[in-house]
Structure formats: structure tokens, C-alpha cells
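K.L.:
For reference, each letter of the sequence shown is one residue, going 1 to 674 in the working numbering.
Hints may contain errors.
Dumping the calculated DSS-like pairs for lysine-lysine here, alpha-carbon to alpha-carbon at most 30 Å [what the hints assert, rightly or not]:
no.	residue 1	residue 2
1	Lys404	Lys206
2	Lys48	Lys139
3	Lys427	Lys48
4	Lys250	Lys48
5	Lys206	Lys297
Cβ-Cβ distance ranges computed for the label pairs, FRET-style [said to hold, decoys possible]:
no.	residue 1	residue 2	range
6	Tyr357	Asp291	31 to 41 Å
7	Ser285	Thr577	51 to 61 Å
8	Gln52	Ile303	41 to 51 Å
9	Lys282	Asn448	32 to 42 Å
10	Leu463	Pro581	16 to 26 Å
11	Asn442	Val419	24 to 34 Å
Bear in mind the hints are in silico, worked out from the structure with no lab data behind them.
None of these values were measured; they are calculated from a predicted model.
No residue lacks a Cβ here, since even glycine has one placed at the ideal position from N, Cα and C.
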Amino acid sequence: MRKRILVIPCLLLCNILSAQNKDSATVEAVTDSMKTTELAEVTVRGKKPFIQLFPDKTVINVESAVTNTGASLLEVLEKSPGVTVDRNGNISLKGKQGVLIMIDGKPTQLSGTDLNNLLSGMSAAQVDQIEIMDNPSAKFDAAGNAGIINIKTKKNNQKGFNGNVNLALGQGRFSRTVNSVNLNYRSGKVNVFANININIYRNFMKMYALRKYYAEDNTTLLSTLDQPTYLTAKAPSQSIKTGVDYYLGKKTTLGTVVNFTNFGRRTIGANNAVWLNAGGRKDSSITTTNDLKDKLKSYAVNINGRHVFDQHSELTADLDYLRYTPRNNLFFNNQMEGASGYDEDIIGIIPSTINIYTAKADYAKTFASGTKIETGWKSSHIETSNKADYFLRTGNTTVPDFGKSNHFLYEENIHAAYVTIEKKFDKFSLQGGLRYENTHYNAQQLGNELRKDSSFSRKYDGLFPNAVISWQVDSINSVTLSAGRRIDRPRFQSLNPFVFVINKYTYQSGNPFFIPQYTWNTELSHSFKDIIITSLSFSYTKDYFSQIFYQDTTTGIITYTEGNLDNMKNIGLSVSTQLSPFHWWSLSFEGVVNHKMISGFVWNNRKASLTQANFNLNNQFMFPNGWSGELSAFFVTNEQELQEVTYPTGQLSFGIAKQVFSNKGTVKLTVRDI
1 MRKRILVIPC LLLCNILSAQ NKDSATVEAV TDSMKTTELA EVTVRGKKPF IQLFPDKTVI
61 NVESAVTNTG ASLLEVLEKS PGVTVDRNGN ISLKGKQGVL IMIDGKPTQL SGTDLNNLLS
121 GMSAAQVDQI EIMDNPSAKF DAAGNAGIIN IKTKKNNQKG FNGNVNLALG QGRFSRTVNS
181 VNLNYRSGKV NVFANININI YRNFMKMYAL RKYYAEDNTT LLSTLDQPTY LTAKAPSQSI
241 KTGVDYYLGK KTTLGTVVNF TNFGRRTIGA NNAVWLNAGG RKDSSITTTN DLKDKLKSYA
301 VNINGRHVFD QHSELTADLD YLRYTPRNNL FFNNQMEGAS GYDEDIIGII PSTINIYTAK
361 ADYAKTFASG TKIETGWKSS HIETSNKADY FLRTGNTTVP DFGKSNHFLY EENIHAAYVT
421 IEKKFDKFSL QGGLRYENTH YNAQQLGNEL RKDSSFSRKY DGLFPNAVIS WQVDSINSVT
481 LSAGRRIDRP RFQSLNPFVF VINKYTYQSG NPFFIPQYTW NTELSHSFKD IIITSLSFSY
541 TKDYFSQIFY QDTTTGIITY TEGNLDNMKN IGLSVSTQLS PFHWWSLSFE GVVNHKMISG
601 FVWNNRKASL TQANFNLNNQ FMFPNGWSGE LSAFFVTNEQ ELQEVTYPTG QLSFGIAKQV
661 FSNKGTVKLT VRDI
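Hey, can you work out the whole structure from these sequences and the hints?
P.N.:
What follows is the structure, given as C-alpha cells:
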């Protein structure tokens with residue numbers, strides 16, 4: 001566990017130009033987590049709760065939690081209800097993997113290390129809300145069998161000139177600093193905004209792996225590899241988001257947004273791998289040092305428009321261009337002692353380019369009868385180039401390692417259309433939708449001295465229905481039944497058959513035979529006074545995604561990839577509650593218990609089942625004289641896949657805050673991961 005003590009001075013600077021709204025605007029400019037309601041010269045302020053429960057989603061108001069100060073976005077997700085983040089940065093929702101991560105309604109199109117780097121490089125200060133949707137409507141992409149997590153970044157459209165500055169300094173084993181400036185100016189028909197973030201994270205990680213190698217009978221022990229690893233990392237990041245909204249009139253708005261992110265991480269580590277024979281005696285040892293440099297730059301441009309025809313209908317449209325340029329430079333030095341010892345260096349240079357083009361339009365209309373219809377279209381085109389050049393150096397001789405080197409090209413087109421219908425009755429409400437998606441991709445692996453050129457392609461389409469029925473039993477009880485079909489496509493990184501070296505005895509590889517998985521989700525939920533929500537869910541996934549491990553008993557190398565198993569069944573029970581025992585104390589709790597049953601073929605028929613749980617508790621305290629506090633915790637029990645078990649993890653965090661400078665600034669002290 002890591003202990004971090006964060007001393008946070010946060011200054012919020014305001015200069016309001018619209019004098020007639022000065023009081024109201026000043027209050028809102030102090031912090032995005034404050035609401036303002038003006039009634040005849042009287043201003044009422046109320047803090048948004050950290051967690052808001054709705055029938056179709058859970059909303060996390062990021063700034064309302066003191067302990068989010070100085071945290072990365074990945075750390076905020078880790079403590080969100082129902083969300084788990086494993087050691088590799090993979091995200092699960094209510095015990096199910098396959099979550100679609102969106103930023104401002106747009107899929108990131110990243111996974112694995114690249115997604116981890118993107119979320120680690122974003123700070124909590126950049127984020128307004130996180131929306132968690134278990135069963136999103138047909139309006140959203142069908143991807144994500146577990147649901148969608150939509151990250152809404154901050155955007156201010158207040159009249160006049162507004163701004164705030166957040167400065168954060170943290171100290172644990174290493175120091176960290178998280179700093180941001182948010183500005184906007186709105187006058188007449190124009191609103192201009194800019195958010196700038198400069199962050200530096202440093203961390204320490206200790207990992208321990210114990211691998212046992214067996215004969216073909218799976219009972220006779222051949223050898224054991226004892227492999228402790230120590231890593232330190234420094235990760236600076238910078239980002240800027242700027243945009244302009246132009247109000248053509250009361251009914252039409254045009255806008256453009258430009259984003260740039262620059263993330264870097266340098267990880268230096270060492271491990272001493274010890275081989276033990278069948279009797280448990282030391283056979284040999286290998287000392288490995290590594291220097292890993294990860295870089296991720298992203299550029300994004302959005303052009304958007306909105307037109308309101310009348311009070312009951314509107315049209316929105318978006319054009320997006322997104323470019324990622326991740327680059328990984330790897331260096332490993334391996335030294336083996338003894339008569340057959342050696343001293344070698346493994347060098348890897350792995351640049352990539354990802355271009356994503358997207359266009360979409362949505363139309364919504366509400367009829368006099370109360371029926372609401374939404375329909376829309378979306379098309380996306382992805383181009384990627386992934387290159388990996390590996391070299392082996394012994395002494396003063398460096399030679400290319402063509403067995404690991406690779407150049408992978410990938411193109412993907414997805415076209416989608418949807419329609420949803422919603423109707424409310426006296427005590428019932430019905431919502432149904434249908435989405436059609438067509439996918440076509442082409443992939444090519446360029447050859448080298450050891451590999452021939454190869455290519456593969458695939459076309460497929462599918463229908464994805466979604467339905468929600470709600471019944472208001474009485475004034476305090478309501479019941480909701482939902483069902484829907486979703487898809488998870490293999491990410492292009494997962495289809496690339498090249499080898500990524502993690503350490504001397506651990507490789508990662510893609511799988512060109514990877515196919516989509518399809519999931520049916522069903523959930524029955526009951527709400528009592530909108531305070532306690534209890535849900536029972538069942539999901540069935542065909543061609544289930546799972547990590548698959550291949551073991552080379554000759555070299556001791558384990559290569560893990562992703563592949564399809566037969567199926568996965570998941571039965572879940574969740575309880576969410578929001579209470580205010582006293583006017584100064586509010587708490588939220590969510591507990592999720594899942595029973596997973598997995599079956600598939602990995603060398604032979606295998607089955608695995610496990611009951612696992614995830615608990616999340618958050619307490620918010622409001623004290624006199626501008627003081628506030630938070631006490632939060634989460635705990636995740638064992639998690640299991642077909643060949644892998646992850647041990648329990650948890651965290652306890654505490655924070656206090658004090659408003660200063662006539663409520664225009666805040667000083668916070670937080671302790672996370674106690």
C-alpha cells in the first residue's frame with residue numbers, strides 16, 4: 001500500500017464583468033461544485049453530493065470529494081462505486097470487464113497501457129462529472145458489455161470573465177504536483193474558454209511473482225521462478241483544452257474545441273529472478289535492470305452545432321478528429337551468474353500513430369402525446385500504424401531481433417444508426433431502442449528477414465436492442481426492469497500479433513484470431529424513496545474475452561495474450577444508498593456481489609467460478625466557519641479469470657478543507673491510501 005499526504009492550497013480567482021449578475025456569478029465562480037439559485041436578491045448555495053443515484057445512471061461529482069484533490073483521473077475511477085481498476089489499469093464495472101471509456105461523449109479508442117497513460121495523465125481538477133451507465137440506451141455506442149463510463153470535463157459558460165487556479169502539492173514516498181488554470185469569457189454571442197493543466201506524478205511499486213512449472217501431468221513440479229520487482233516512475237503531463245461557442249441566436253449554437261495532451265513516464269526498475277529446482281534448491285539467478293520510457297501525445301479537434309426548432313425538437317451534429325502518437329522505448333539488461341552466465345541488453349523502440357475520424361448527428365422530438373423519439377447516425381474511420389524494432393546487444397555487438405520486430409497496419413470502419421422511443425403514463429414509463437452497427441476492418445503485418453507479409457480482414461454487423469420498463473408503485477417505491485444486448489470488439493492493439501517485452505520472463509502478444517464478444521444484460525431494480533436502490537442482474541456473454549497464458553517450459557518465458565472462451569455467466573446483487581443522518585453529515589454506500597461462472601478451452605476444457613464483492617463508502621461532513629471533511633473507503637475481494645486470480649485490495653482516505661479569502665479560495669489537506 002502507498003501512503004500519500006497531500007497539502008493542497010487552492011486559489012480561485014474571480015473577476016466578474018456582468019455587474020447585474022455579479023453576486024450570483026461570483027458564487028458560481030468560486031467552485032464548480034456549488035449551485036446558485038437567485039430569488040429576489042437572495043442567493044442560496046448548496047453543495048452537490050459526491051454521488052447522485054438516478055434510475056439510468058450514477059453520477060460522480062468529482063470536485064465534491066475532498067480526497068480527489070491532487071489525484072489522477074485513474075485514481076478517482078478506482079474509488080468510484082462499482083468500479084475496479086486492476087494492476088494493469090484495466091477497468092471493470094460491477095465485476096464485469098469490457099467497459100467503454102468515453103471523454104465528453106466520445107470513445108477514447110484506447111486500451112491497456114495507452115488508456116492507462118491517458119487516464120493517469122489527466123487530473124481530477126480537469127473533470128466535472130463521471131457518469132456510470134450499466135445499461136445505456138441505443139443512442140450510445142453498443143460497445144462495452146459492462147456498460148459505459150463517460151468522463152465530462154469542465155467547461156464554464158458564465159457571463160463575464162471567470163477563472164480559477166488550483167495548485168496542489170503532495171508528499172508520500174515521492175512528491176507530486178497537480179496544477180490547473182480554468183478561464184472563460186462570455187459576452188454577447190461569444191463564449192471563449194481554456195483549461196490548462198501541468199502535473200508531475202512520481203510513484204513506487206513493489207511486485208512479486210512466484211511461478212511454478214509443471215510437467216504435462218500438471219502435478220509433477222519441474223522448477224520454480226521467484227521474481228520480486230521494484231519500480232520507480234516519474235510521469236509529467238501537460239494538457240490544454242480551449243474552445244469557442246458562438247450563439248447565432250436563441251435557437252442555434254456553433255462551437256469548436258481543441259485539445260492537446262502530452263504525457264510521459266519513465267520507469268526504472270530492478271529484479272533478481274531466482275530459479276529453484278524441483279527440490280526447492282537454488283539453481284541459478286538472473287539480475288535484470290530496466291529503463292522504460294512511455295510517451296503519449298494526443299491532438300483532438302471538434303466542430304459541433306445545435307439547433308432548436310421549437311420547445312419539443314432539436315438537432316445536434318459533431319465532427320471529430322483525434323490523433324494519438326504513443327511511443328515506448330524499452331531497455332533491459334539481463335545478467336546471469338555461473339559458468340553458463342551471460343550479460344545481454346534487450347532494446348525496443350515502439351512508435352505508433354492512431355488517427356480517428358468521426359461524424360455523427362442526432363435528432364430528438366417530443367410529441368403532444370408525451371411520446372419522445374430520438375434517432376441518429378454515426379460513422380467512424382480509424383487508421384493505425386504500430387511499429388516495433390527490437391535489438392539484442394552482447395558486449396559491443398548489437399544485432400536486430402527480427403523474431404520480435406514487427407510493423408502492423410490497421411484500418412477500421414464502423415457505421416451505426418439508431419432509434420429510441422420513450423413514453424410516460426400515469427404510473428408507468430416505457431423506453432425502447434434499436435441500434436444497428438456495421439464493422440469492417442483490414443489488417444496487415446509487414447514482413448522482415450524472418451517473417452513474411454500477412455494480412456487478414458473481417459466484416460460483421462449486428463442489431464442491439466434495448467428496453468426499460470419503470471413502474472411507480474406508490475409515492476415511495478418504484479421498480480425498473482431493463483434488458484439490452486451489447487458488443488465488445490477486440491481493440492486493434494489486441495489484434496496485432498507482435499511481441500511486447502515486459503521483462504526477461506514475461507511477454508505480451510496480440511491475437512489476430514480474436515473475435516468480438518456479445519453480451520445480454522438484464523437487471524431488475526427497486527428504489528425506496530430514491531434513497532435505497534437494490535438491483536438483481538444477470539448477464540450472459542458469448543465468446544468471452546479472457547487473458548490466456550502460454551508457458552514455454554524450456555525458456556521459462558510466459559506469454560500472455562487475449563482470446564475468446566466459450567461463455568461467461570454473471571449473477572449480481574447490488575445495494576446503493578444515500579443518507580443524511582444529520583444536516584452536517586451525508587453518506588453514500590454501494591455494495592456489489594457477483595457470482596461469475598466461466599467455461600472455455602485453454603489446452604483442455606476448463607471451468608472457473610468465484611463469488612466476489614466490491615464495497616464503496618463515502619462520508620461528507622459540513623462544519624461551521626467554512627470547514628468540511630471527507631472519510632472514504634473501498635474494498636475489493638478476490639477476482640478470478642480462467643487462469644488468473646487477483647488478490648483483495650482496498651483503500652482508506654481522509655481529507656479536510658477550509659474556505660479562505662471570503663470563500664474565494666480553499667485550502668485542503670488529504671491523506672489517501674492510509
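K.L.:
Does each hint fit the structure? Answer for all of them.
P.N.:
Hints, verified against the model:
1. Taken as a hint, the Lys404 and Lys206 pair is honoured in the structure, with Cα atoms around 28 Å apart against an allowance of 30 Å.
2. Restraint check for Lys48 and Lys139: the C-alpha separation of about 27 Å stays at or below 30 Å, so the hint holds.
3. A threshold of 30 Å between alpha carbons decides the hint, and for Lys427 with Lys48 the separation of about 29 Å falls inside it, so the pair holds.
4. Taken as a hint, the Lys250 and Lys48 pair is honoured in the structure, with Cα atoms around 29 Å apart against an allowance of 30 Å.
5. Restraint check for Lys206 and Lys297: the C-alpha separation of about 28 Å stays at or below 30 Å, so the hint holds.
6. Checked against the hint of 31 to 41 Å, the C-beta distance between Tyr357 and Asp291 comes to roughly 36 Å, which is consistent with it.
7. Judged by the Cβ atoms, the range 51 to 61 Å given for Ser285 and Thr577 holds: they are separated by roughly 53 Å.
8. For the pair Gln52 and Ile303, the supplied restraint of 41 to 51 Å is violated, since their beta-carbon distance comes to about 31 Å.
9. As the Cβ distance of Lys282 to Asn448 is approximately 39 Å, the hint placing it in 32 to 42 Å holds.
10. Separated by about 48 Å at the C-beta atoms, Leu463 and Pro581 break the suggested range of 16 to 26 Å.
11. Against the hinted window of 24 to 34 Å, the Cβ-Cβ separation of Asn442 and Val419 comes to about 30 Å, which satisfies the hint.
Going through the hint list in order, the structure does not satisfy hints 8, 10.
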